[in-house]
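Chemist: Spelled out, the chains give:
There are 2 protein chains.
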Amino acid sequence: MGAVKNKRMPRAVREQQMLDAAVRTFGQRGYRAASMDEIAELAGVSKPLVYLYLNSKEDLFTACIRREAQALTAAVRAGVRPELPADRQLWEGLRAFFTHTAGHPDGWSVLHLQARTHGEPFAAEVFAMREELVRFVTQLIVVAAREAHRDPSLPAREVAGLAEALVGAAESMAAWANATPGVSARQAAATLMNFAWAGLGTLMQGRPWTPPRAAAEV
Amino acid sequence: MGAVKNKRMPRAVREQQMLDAAVRTFGQRGYRAASMDEIAELAGVSKPLVYLYLNSKEDLFTACIRREAQALTAAVRAGVRPELPADRQLWEGLRAFFTHTAGHPDGWSVLHLQARTHGEPFAAEVFAMREELVRFVTQLIVVAAREAHRDPSLPAREVAGLAEALVGAAESMAAWANATPGVSARQAAATLMNFAWAGLGTLMQGRPWTPPRAAAEV
Chain F
686 MGAVKNKRMP
696 RAVREQQMLD
706 AAVRTFGQRG
716 YRAASMDEIA
726 ELAGVSKPLV
736 YLYLNSKEDL
746 FTACIRREAQ
756 ALTAAVRAGV
766 RPELPADRQL
776 WEGLRAFFTH
786 TAGHPDGWSV
796 LHLQARTHGE
806 PFAAEVFAMR
816 EELVRFVTQL
826 IVVAAREAHR
836 DPSLPAREVA
846 GLAEALVGAA
856 ESMAAWANAT
866 PGVSARQAAA
876 TLMNFAWAGL
886 GTLMQGRPWT
896 PPRAAAEV
Chain D
686 MGAVKNKRMP
696 RAVREQQMLD
706 AAVRTFGQRG
716 YRAASMDEIA
726 ELAGVSKPLV
736 YLYLNSKEDL
746 FTACIRREAQ
756 ALTAAVRAGV
766 RPELPADRQL
776 WEGLRAFFTH
786 TAGHPDGWSV
796 LHLQARTHGE
806 PFAAEVFAMR
816 EELVRFVTQL
826 IVVAAREAHR
836 DPSLPAREVA
846 GLAEALVGAA
856 ESMAAWANAT
866 PGVSARQAAA
876 TLMNFAWAGL
886 GTLMQGRPWT
896 PPRAAAEV
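Protein chains in written order, with the working numbering: chain F, 686 to 903; chain D, 686 to 903.
Simulated from the structure, these hints should not be mistaken for lab results.
Nothing here was measured: the structure is a model prediction, and the numbers come from that model.
The list treats identical chains as one, so a pair stands whether inside a single copy or across any two.
Below, simulated SDA-like cross-link-like pairs (lysine to any residue); rule was C-alpha separation at most 25 Å, straight line:
1. 742 x 801
2. 742 x 808
3. 742 x 717
4. 742 x 698
5. 742 x 805
6. 742 x 813
7. 732 x 695
8. 742 x 814
Model the full structure from these sequences, guided by the hints.
Modeler: Spelled out as structure tokens, the structure:
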């Protein structure tokens with residue numbers, strides 16, 4: 686308790702250390718089981734200092750969610766080079782996403798599991814990040830459709846549905862990849878890219894899969 | 686409060702009425718805000734009878750999750766005719782899934798949102814259902830690969846990843862379709878089928894999308 690007492694360390698640096706310790710503890714133990722004692726100890730500060738800086742366990746958890754959400758969306762945006770063709774942009778976005786979730790498994794656990802399973806205010810924080818990812822993917826699909834046709838035939842609603850599908854698939858695969866030994870970020874990205882791009886690609890070329898029209902299907 | 690007092694009604698029927706009322710209340714109000722008074726009133730029984738039959742709010746919620754999870758997996762299994770080719774099986778499975786989630790929006794909200802956002806024991810119930818859907822989809826992909834080649838080249842790990850991606854995409858799209866006015870179950874199923882099948886289809890034909898090998902990509 687309070688083992689480290691370097692008073693010259695700026696508050697911002699100390700806060701980041703507390704958040705590092707909190708993300709690790711929440712991600713590994715779960716929100717309920719994580720204790721403020723454990724987080725303070727791991728951060729090398731006293732528990733009162735954690736409360737002084739971050740106020741409460743709820744506020745600390747919210748700060749963790751915000752930081753990890755911003756880091757993830759920033760990593761995806763930084764991974765994409767907008768001058769490239771749409772398939773390359775999508776590939777780079779997926780690689781950046783899976784590289785980040787693989788490199789920050791505790792952060793991903795906080796976002797994908799912990800923040801969603803402990804009530805509304807936390808879930809709303811993650812929802813905001815998810816909306817940003819969906820907007821980003823929607824834009825990529827619109828650009829891809831524009832590259833394929835001058836007059837894209839994909840209606841806006843279908844694009845929105847595809848973006849939701851792709852983000853949901855990426856979330857699900859990131860959880861699976863982190864829980865499955867030996868699956869690299871590149872493999873996860875390549876599997877999803879194959880799934881998504883070959884599908885989107887044929888859609889863009891105006892060759893959709895068409896539902897059967899048999900009598901039993903009406 | 687206790688408006689209906691038909692003592693001849695069998696316990697099993699009464700319990701289903703309580704669960705109907707509970708799913709509707711939990712799905713629309715959320716787990717925390719839902720009150721046992723409201724559920725009893727909606728079910729037309731007294732609150733003590735709800736406690737007598739279902740024990741506690743936690744147990745009632747768990748019973749809701751189990752019933753809705755079983756109904757969803759049963760609907761998907763019943764929708765699929767195993768004698769058809771893999772693409773038709775997948776199409777029928779997706780149609781059955783989205784028809785069920787569209788027809789039971791409160792049940793889907795309980796499974797996809799409420800059960801995941803209120804702690805571990807509830808999340809574990811949904812996880813079990815999800816595992817069953819993933820196994821089912823995995824089997825469909827394996828059958829599809831066997832139809833495409835006698836000696837399928839998709840490694841087991843890639844199949845597992847594709848199944849996770851597809852289930853995650855379906856969950857995400859169901860939430861979006863239920864929240865977006867005018868999106869029918871058939872449209873949601875067709876959008877995801879296009880996305881998934883055209884992608885899986887080209888994979889099965891041994892024509893994967895291949896990552897670029899530029900120097901900057903290593």
